[in-house]
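Residue numbers (our numbering), protein chains in the order written: chain A, 1 to 325; chain B, 1 to 314.
Source of the hints: derived by calculation from the structure; they are not laboratory data. We put the beta carbon where it would ideally sit given N, CA and C, even for glycine. There's no promise every hint is true.
Chain B regions said to be covered by chain A (calculated; three or more residues, Cβ under 8 Å) [to be verified]:
hint, stretch
1, 126-140
2, 165-178
3, 241-255
4, 294-300
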Amino acid sequence: MSDRMGAEIDGVQTKIWRWASSNAIWVVLALLFAIAALLSDAFLRPVYIFNVVRQAAPVGIAAIGVTLVMILGGVDLSVGAVISLTAVLTAVLMDGQIANIPLAVTVALAAGACIGGINGTLIAYNRISPFILTLGMAVVVTGMTQIYSGGTARGIVSPGFREFFNYRIGGIVPVLALTFLGLALLGVRLQQTTKFCRNLYLIGSNPQAAELSGLPVKRITIFAYALSGLMGAIAGIALLARSGVSSTFAGRGLEFDVLAAVILGGTTFQGGRGGIGGTIAAVFVLLIAFNLVNIVGLDYNAQLIVKGAIIIIASSAYIYFKKVR
Amino acid sequence: MRSSFTSVLSSKYGIIVLLGLTVLFAFIFVPEFGTVNNLTNIAIQSAPLAILAIGQTVVIIAGLIDLSVGMLLGLIVVIIADLMQGESSMTVVAILAALGLGGGVGMINGLLNNLLRIHPLILTFGMLSILQGLIFVYTDRSVGQVSSEFSWMANGTVIGVPFAIILLMFVALLTSFLLYKTRLGAHIFAVGGGEEQARRAGIMTGRVKIWAFIISGVSAGVAGMLVAGRLGTGYPNAGVGYELDAIVAVVLGGTSLAGGRGSILGTIAAVFVLGVASNILNLMEISSFVQIFVKGLIVVIAILLNQPKRIIAS
Numbered sequence: 001m002s003d004r005m006g007a008e009i010d011g012v013q014t015k016i017w018r019w020a021s022s023n024a025i026w027v028v029l030a031l032l033f034a035i036a037a038l039l040s041d042a043f044l045r046p047v048y049i050f051n052v053v054r055q056a057a058p059v060g061i062a063a064i065g066v067t068l069v070m071i072l073g074g075v076d077l078s079v080g081a082v083i084s085l086t087a088v089l090t091a092v093l094m095d096g097q098i099a100n101i102p103l104a105v106t107v108a109l110a111a112g113a114c115i116g117g118i119n120g121t122l123i124a125y126n127r128i129s130p131f132i133l134t135l136g137m138a139v140v141v142t143g144m145t146q147i148y149s150g151g152t153a154r155g156i157v158s159p160g161f162r163e164f165f166n167y168r169i170g171g172i173v174p175v176l177a178l179t180f181l182g183l184a185l186l187g188v189r190l191q192q193t194t195k196f197c198r199n200l201y202l203i204g205s206n207p208q209a210a211e212l213s214g215l216p217v218k219r220i221t222i223f224a225y226a227l228s229g230l231m232g233a234i235a236g237i238a239l240l241a242r243s244g245v246s247s248t249f250a251g252r253g254l255e256f257d258v259l260a261a262v263i264l265g266g267t268t269f270q271g272g273r274g275g276i277g278g279t280i281a282a283v284f285v286l287l288i289a290f291n292l293v294n295i296v297g298l299d300y301n302a303q304l305i306v307k308g309a310i311i312i313i314a315s316s317a318y319i320y321f322k323k324v325r
Numbered sequence: 001m002r003s004s005f006t007s008v009l010s011s012k013y014g015i016i017v018l019l020g021l022t023v024l025f026a027f028i029f030v031p032e033f034g035t036v037n038n039l040t041n042i043a044i045q046s047a048p049l050a051i052l053a054i055g056q057t058v059v060i061i062a063g064l065i066d067l068s069v070g071m072l073l074g075l076i077v078v079i080i081a082d083l084m085q086g087e088s089s090m091t092v093v094a095i096l097a098a099l100g101l102g103g104g105v106g107m108i109n110g111l112l113n114n115l116l117r118i119h120p121l122i123l124t125f126g127m128l129s130i131l132q133g134l135i136f137v138y139t140d141r142s143v144g145q146v147s148s149e150f151s152w153m154a155n156g157t158v159i160g161v162p163f164a165i166i167l168l169m170f171v172a173l174l175t176s177f178l179l180y181k182t183r184l185g186a187h188i189f190a191v192g193g194g195e196e197q198a199r200r201a202g203i204m205t206g207r208v209k210i211w212a213f214i215i216s217g218v219s220a221g222v223a224g225m226l227v228a229g230r231l232g233t234g235y236p237n238a239g240v241g242y243e244l245d246a247i248v249a250v251v252l253g254g255t256s257l258a259g260g261r262g263s264i265l266g267t268i269a270a271v272f273v274l275g276v277a278s279n280i281l282n283l284m285e286i287s288s289f290v291q292i293f294v295k296g297l298i299v300v301i302a303i304l305l306n307q308p309k310r311i312i313a314s
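Looking at chain A on its own, in the form it has when it is part of the complex (with noise of 0.2 Å):
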């Protein structure tokens, strides 16, 4: 009897285990609220949590985009280029006409989904590194920021542009926030129920055998790269509306937290692995840990040095429930 008992025990024990080491990340995101929430009572408002949603809304955005391309086995660095350009690239067009909006929302769309078009087919056509192309990228990206840009932080943001995006419905959730919930929910879906995101598994865990199987291995590819610039666009779209403010360098260095969110959040460099759920929870989990940060009271400069022990640890943390059984 006891030995069944003992069987039974250690069953549950194992589904709890077997439980959180699939969704290691949520768990992580748990515990972190658990610590935020006791520190502070802020993280029990609405108001306040809904305004953390808001703050990870650019960056978030981004990092779906990113996994759809990592989940392919690729990556995207050109991300952070591509907010730059497109918070610049929308600022301008708009010239603080409201009427100019939808042109400069539209251009902006474009500008996004091309630069990542472009990634995507080079990437499918040669054997080239996505990593150090998308680098290169970058670099060009940024060229071409500071071309239109003169170097100086140009364009009005319209009246009226700042102000929808920041309204909060019954005055607790920000559009832009349900915005990136939006995104972030429809994204989910489409990996669980479309083809293009079974392919994408396919392809990440054996490109050869996707290949020899007749995928249209190619025009994943592109498609995928360019998804990952449109998304890119959106969150240039959402910095400016966050902001308010069109800086050349608005988006520099982002692509790094965007992948440091990727990777936590269980989408792996080699592909077939991961998903759109585990970046969004990694993604809370950063942006928690540095609002804690702050409200423990330490300056914008000790906060990158928490920021980096963060995703040390909350990396390893990961890795750590992954691993034990």
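Since chain A is already given, all that's left is putting chain B on it; use the hints.
Then chain B, alone, in the frame of chain A:
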């Protein structure tokens, strides 16, 4: 069906041929290029990145990557300038501090890499952030002043040859010796080529990786000394962006990001291709914004020409 020209360009020596072509173009079309003064300038400006990129080459051959070197360089610049305060008597201390700090942070990277088993890109990105924070906790404006010996190291010449170039050649020869003539070097190639096989062959892969990170850190120390000497003071943003330039140079030079193969000579040639190109654009008075754009184009085109022809056996 490739023409012989593009096949030379995409061969192992492609980047050296490209360097030759760039220099030839510059000599013919840009009259000011060939002056001793200008050539010295290019050499002095390219040397720190070349030294940093040599260290990065070793890490990448070992199948790793080190994003922390830019900020490490910045931290070293700030600390040694503050240490010296212009005093010649502190020169030796500053040199030891630069090498020790570089090697020490490299070792921490290596130990953490082995202990935590997270991707080196993420680990060293975290370290980048930590080091950046340390720099700005230390100071948010330029501090200290380098000694006259340091200024000479960065700007002086020995019978017409810039000392920075002599230092670069010394670092290049030493690293090449280490990579191609020692057991550690062979092990670095083996670990990068396939860690599991290397481990089964009895190589202490963990120790090899620690050494690779230490070499990269020390290279940041040496490069930091030159940057400090050139700036004359401890400027906190001195190292921003160096890590990406170094990685770009390493890959342009023919080293595979997958690890297991690479070339020091190629890396140095790639640094000088970028240095000469930006010098030409400067002499032609093209705006720095266009220069960034052109630099990116060079990178993309060179990568496309220089791509590996065989799929690396996985």
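Hint-by-hint comparison with the structure:
With a cut-off of 8 Å between beta carbons, the stretch 126-140 of chain B has 12 residues touching chain A; three or more are needed, and the interface restraint holds. Only when three residues or more bring their CB closer than 8 Å to a CB of chain A does the claim for the stretch 165-178 of chain B stand; here the count is 0, and the claim is violated. Note: the stretch 241-255 of chain B has 4 residues with beta-carbon separation from chain A under 8 Å; the three-residue rule is met and the coverage holds. A count of 6 residues in the stretch 294-300 of chain B with a Cβ less than 8 Å from any Cβ of chain A is obtained; the coverage claim is therefore met, three being the minimum.
Checked against the numbered hints given earlier, the structure breaks only hint 2 and satisfies all the rest.
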